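Colleague: Sequence:
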Amino acid sequence: MKKNTDLTRREFIKGAAGIAGATVLASCGLSGDALEAFLQKHFKELSNDEKAEILKRIEDECKAKYGKEVAVVGTPAEEGVLFAYALDISRCIGCRRCVYGCCEENNQSRDPQIHWITVLEMDKSEGVNLEKANSYYEVDKVPQPDKFYFPVACQQCENPPCVKVCPVKATWKEPDGIVVVDYNWCIGCRCCITACPYGARHFNWAEPKIPTDELNPSMHYLGNRPRMKGCVEKCTFCIQRTRGEEKKYPKCVEVCPVGARKFGNLLDPSSEIRYILANKRVFIFKEELNTRPKFFYYYGL
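Counting along the sequence shown from 1, when you hit position 147 you're at 161 in the numbering used here, and nothing is skipped either side.
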């Protein structure tokens, strides 16, 4: 009887790790659960049992590191849903509550500081002019006279250039339109950062720091679970909220004090997002690049 000699990628690497590769991986500090995480299959190839095992491992790691019970889910995309976002430029006051609400919800590093949303201050006389935009404005009161504000985050492109350049397929577009990153598969090459025309991807140059009392315990594997040094992260439309049973809005929508942010299902004809696209003056950021964002800017006033 012929012996089956076919090996999966994971089995091959584990075999190599068990022989010569073990020395190399050990020198990188990989052993035990860290080695298992490094060798796991691509997220889209995992069985339900394998996913459950990995989610439990991450929960245990978070509890050990932060001393806090957490729940990590891998909720898949729902059929008949294509998420989209709309932001009313005429209402945004530049208060940055969206920035810090996002930071708290998505377990972004406080030191070094990482923000998935950047708010640009622009002159009304100039219009949307990136060359004269100011992302470091510090004022006592907003909005400032003769200024308007232009928040930028991941545009969740239908034709995402970041996905095309990833050499290990660590980032991809989900069926509901959310572009995600598997932090365990990311090799930190930063090709996606170079490819993104919106500056929406962020690299962890150091081990991220999140105070235990500020850690959000409700996590998604492809979203707001704590990241590690050497991987890229980005906005995921708060996947842990928008795919959850309660179907919550992204945190930035919830905390906006002036109602400038809207979110919904692009495939639902009765949704608010469809009404905005049909009835408001819509602006697509860098439309000429044909990235086909699902993040729309509009003028509501």
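Treat the hints with caution; some may be incorrect.
What the hints assert, rightly or not - Derived PhoX-like pairs: lysine-lysine, alpha-carbon spacing no greater than 20 Å straight-line:
hint	residue 1	residue 2
1	Lys79	Lys183
2	Lys55	Lys183
3	Lys300	Lys138
4	Lys138	Lys155
5	Lys77	Lys243
6	Lys77	Lys300
7	Lys65	Lys187
8	Lys183	Lys65
9	Lys178	Lys65
10	Lys55	Lys65
11	Lys58	Lys187
12	Lys178	Lys58
13	Lys161	Lys178
14	Lys58	Lys77
15	Lys155	Lys55
16	Lys294	Lys146
17	Lys262	Lys243
18	Lys138	Lys161
19	Lys55	Lys70
20	Lys58	Lys146
21	Lys82	Lys300
22	Lys243	Lys79
23	Lys138	Lys183
24	Lys243	Lys223
25	Lys161	Lys146
Stated by the list, open to error - Label-pair restraints from in silico Cβ distances:
hint	residue 1	residue 2	range
26	Lys243	Ser104	23 to 31 Å
27	Lys178	Val296	19 to 27 Å
28	Gly141	Lys55	23 to 31 Å
29	Pro225	Gly94	33 to 41 Å
These aren't lab readings, by the way, just hints derived from the structure by calculation.
Here the structure is a predicted model, which is why all the values come from computation and not from measurement.
Here a beta-carbon is modelled for each residue, glycine too, at the ideal position from N, C-alpha and C.
Colleague: Hints first: check each against the structure and report whether it holds.
Modeller: Consistency of the hints with the structure:
1. For the suggested pair Lys79 and Lys183, the alpha carbons sit about 28 Å apart, so the restraint of at most 20 Å is broken.
2. In summary, the hint linking Lys55 to Lys183 is supported, as the alpha carbons are separated by about 12 Å, within the 20 Å threshold.
3. Between Lys300 and Lys138 the CA atoms are separated by roughly 19 Å; this keeps the pair inside 20 Å, and the hint holds.
4. Restraint check: the Cα-Cα separation between Lys138 and Lys155 comes to about 17 Å, which is no more than 20 Å; the hinted pair holds.
5. A distance of roughly 19 Å separates the Cα atoms of Lys77 and Lys243; the hinted pair therefore holds under the 20 Å criterion.
6. Note on Lys77 and Lys300: the hinted pairing is violated, with a Cα-Cα distance of about 42 Å set against a maximum of 20 Å.
7. A C-alpha spacing of about 19 Å is found between Lys65 and Lys187, which places the hinted pair at or below 20 Å, so the restraint holds.
8. Simply put, Lys183 and Lys65 have alpha-carbon atoms about 18 Å apart, close enough for the 20 Å limit, and the pair holds.
9. Taken as a hint, the Lys178 and Lys65 pair is broken in the structure, with Cα atoms around 25 Å apart against an allowance of 20 Å.
10. At most 20 Å may separate the alpha-carbon atoms for a hinted pair to count; Lys55 and Lys65 meet this at roughly 10 Å.
11. With a C-alpha separation of about 11 Å, the suggested pairing of Lys58 with Lys187 holds against the 20 Å cut-off.
12. A hinted pair counts as satisfied when its Cα atoms are at most 20 Å apart, and Lys178 with Lys58 qualifies at roughly 17 Å.
13. At roughly 36 Å between alpha-carbon atoms, Lys161 and Lys178 are farther apart than 20 Å, so this suggested pair is violated.
14. Distance hint between Lys58 and Lys77 is unfulfilled; the C-alpha atoms sit about 26 Å from each other, more than 20 Å.
15. At roughly 50 Å between alpha-carbon atoms, Lys155 and Lys55 are farther apart than 20 Å, so this suggested pair is violated.
16. Of the pairs offered as hints, the one joining Lys294 and Lys146 is violated, with about 26 Å between alpha carbons and a cut-off of 20 Å exceeded.
17. A distance of roughly 29 Å separates the Cα atoms of Lys262 and Lys243; the hinted pair therefore is violated under the 20 Å criterion.
18. As the CA atoms of Lys138 and Lys161 are separated by approximately 5 Å, the hinted pair is consistent with the 20 Å bound.
19. Simply put, Lys55 and Lys70 have alpha-carbon atoms about 16 Å apart, close enough for the 20 Å limit, and the pair holds.
20. Simply put, Lys58 and Lys146 have alpha-carbon atoms about 42 Å apart, too far for the 20 Å limit, and the pair is violated.
21. Between the alpha carbons of Lys82 and Lys300 the distance comes to roughly 42 Å, so the proposed pair goes past 20 Å and is violated.
22. Annotation: proposed proximity of Lys243 to Lys79 holds, straight-line Cα distance about 15 Å (limit 20 Å).
23. Between Lys138 and Lys183 the alpha-carbon distance is near 41 Å, which puts this suggested pair outside the 20 Å criterion.
24. Distance check on the hinted pair: Lys243 and Lys223 sit about 10 Å apart at the alpha-carbon level, within 20 Å; holds.
25. Distance check on the hinted pair: Lys161 and Lys146 sit about 12 Å apart at the alpha-carbon level, within 20 Å; holds.
26. At about 40 Å, the beta-carbon gap between Lys243 and Ser104 misses the expected band of 23 to 31 Å.
27. In this structure the supplied range 19 to 27 Å holds for Lys178 paired with Val296, their Cβ-Cβ distance being about 26 Å.
28. For the hinted restraint 23 to 31 Å between Gly141 and Lys55, the CB-CB distance of approximately 48 Å leaves it violated.
29. For Pro225 and Gly94, the hinted distance range of 33 to 41 Å is satisfied, since their beta carbons lie about 39 Å from each other.
Violated hints for the displayed structure, listed by number in ascending order: 1, 6, 9, 13, 14, 15, 16, 17, 20, 21, 23, 26, 28.
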